[in-house]
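Construct all of the structure, not just a fragment, from the sequences and the given hints.
2 protein chains.
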Amino acid sequence: MVSSEELLDILGNETRRMILELLAEKPRYTTEIASLLDIGQKAINDHLRIMSEFGVIEPYVQKQPRGSPRKYFKVNERFKLEFTLTPGFFQVYILDSDVDLKSILESFPEFRELQKKVEHIENIRRIEQSRKVYRDLREELSRLRQAKMYVESLMARVRQQCIKLIDGLDLDPVEKRVLFEVVIAGGEITKEEVAEKCKISEEDIIQTLRTLEKKGVVRL
Amino acid sequence: MVSSEELLDILGNETRRMILELLAEKPRYTTEIASLLDIGQKAINDHLRIMSEFGVIEPYVQKQPRGSPRKYFKVNERFKLEFTLTPGFFQVYILDSDVDLKSILESFPEFRELQKKVEHIENIRRIEQSRKVYRDLREELSRLRQAKMYVESLMARVRQQCIKLIDGLDLDPVEKRVLFEVVIAGGEITKEEVAEKCKISEEDIIQTLRTLEKKGVVRL
Chain P
77 MVSSEELLDI LGNETRRMIL ELLAEKPRYT TEIASLLDIG QKAINDHLRI
127 MSEFGVIEPY VQKQPRGSPR KYFKVNERFK LEFTLTPGFF QVYILDSDVD
177 LKSILESFPE FRELQKKVEH IENIRRIEQS RKVYRDLREE LSRLRQAKMY
227 VESLMARVRQ QCIKLIDGLD LDPVEKRVLF EVVIAGGEIT KEEVAEKCKI
277 SEEDIIQTLR TLEKKGVVRL
Chain V
77 MVSSEELLDI LGNETRRMIL ELLAEKPRYT TEIASLLDIG QKAINDHLRI
127 MSEFGVIEPY VQKQPRGSPR KYFKVNERFK LEFTLTPGFF QVYILDSDVD
177 LKSILESFPE FRELQKKVEH IENIRRIEQS RKVYRDLREE LSRLRQAKMY
227 VESLMARVRQ QCIKLIDGLD LDPVEKRVLF EVVIAGGEIT KEEVAEKCKI
277 SEEDIIQTLR TLEKKGVVRL
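Order-wise, the sequence lines are chains P and V. Per our numbering, the very first residue in the first sequence carries number 77; after that it's consecutive. Per our numbering, the very first residue in the second sequence carries number 77; after that it's consecutive.
None of these hints come from the bench; they were simulated from the model. A couple of the hints might just be wrong.
Remember, identical chains collapse to one label, so a pair may be satisfied in a single copy or spanning two.
[As the list claims (entries may be wrong)] DSS-like mimics (lysine-lysine), calculated; alpha carbons at most 25 Å apart, straight line:
1) Lys147 with Lys118
2) Lys150 with Lys118
3) Lys240 with Lys192
4) Lys291 with Lys240
In structure tokens, the structure reads:
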């Protein structure tokens with residue numbers, strides 16, 4: 077599975093973003109993409125290879141009504157990258173889990189109505205209806221975005237509060253950094269994860285955690 | 077204001093992501109960043125300049141207790157980039173609006189409780205409390221993420237449905253493309269925006285919309 081870092085590297089290229097936009101619409105083959113974007117086939121091939129290697133897209137072979145089979149590319153599975161940057165909060169997040177429909181409908185009963193509308197237009201197949209339903213969905217999405225922003229702003233406040241509290245303790249910079257990550261993780265973090273987040277070796281993390289325990293700041 | 081395309085270009089660089097992570101914590105100065113990341117000051121300066129030009133970060137001068145004033149950088153304002161890629165759905169979204177607290181609390185009354193908890197820990201200043209409140213906030217964020225994923229999956233279904241319906245109409249590829257963007261926008265889209273999305277000149281858009289009107293598919 078691609079990491080959020082790798083995904084940002086992939087998306088930091090305009091051509092790749094345009095290719096992904098085309099593939100999100102429907103599966104396509106190399107010469108088709110090259111012609112739609114008016115870019116050489118070799119360059120397109122390189123981008124397709126990189127994105128396939130990271131598992132963002134996936135090639136498959138499809139028989140043609142006439143002539144030999146052709147290699148198509150499609151978006152591999154559900155990718156979702158979220159990026160938040162604000163004073164006090166920097167986060168890159170990849171969602172790769174499936175949606176747990178049952179718990180969502182319990183938590184947001186109003187979604188049943190939206191689901192029914194979508195099923196309805198899939199049956200009656202009228203474009204004007206689709207337009208209206210899509211507008212309703214966009215409004216719901218905007219409501220959820222606002223809600224997420226609000227929760228994230230509360231999280232930023234707690235983080236700032238933690239930084240202030242920790243800054244007031246008699247600890248060295250590395251100890252402060254490790255303590256912050258442990259607190260923010262809610263205590264549910266492995267030594268490997270702390271090491272990864274603080275960019276410090278695991279042995280140093282273990283040593284630091286022992287010191288923090290001796291000072292009575294954490295319980296291991 | 078930086079565009080989502082520009083922001084992805086900025087984030088497609090590991091050093092810049094590390095700088096943003098440091099600045100999200102608190103304002104810092106160039107030599108401090110260079111030393112924390114163990115990267116040459118010239119390179120750091122270049123990244124800081126690029127990000128300042130795009131308005132992602134902001135320099136300011138601060139007097140020092142001793143010596144001459146020093147130039148600091150801070151995260152400029154609220155940036156939030158969301159990226160969604162899934163078969164049938166590709167979207168990059170920047171949020172730059174402020175949160176409308178009143179309408180959020182009406183829509184999500186359960187947030188009042190979370191807000192009270194955050195205010196409480198800001199008063200009592202205990203790290204163990206912060207840890208618990210942060211965990212509650214993370215759970216709420218995860219619930220909202222799931223809800224957004226679900227709404228986006230419904231949107232993908234409607235988009236796929238529209239593409240199928242439009243593909244069945246007797247229209248040329250450009251007419252189909254323009255019609256899709258108009259439908260998905262819920263009818264509330266300017267000619268300039270359609271031109272931007274379809275990467276076609278405005279004159280061609282006007283011409284295409286006229287043809288679509290003659291064919292009885294849209295009303296201008």
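Checklist entry - So which of those numbered hints doesn't the model satisfy? => result The structure breaks none of the hints.
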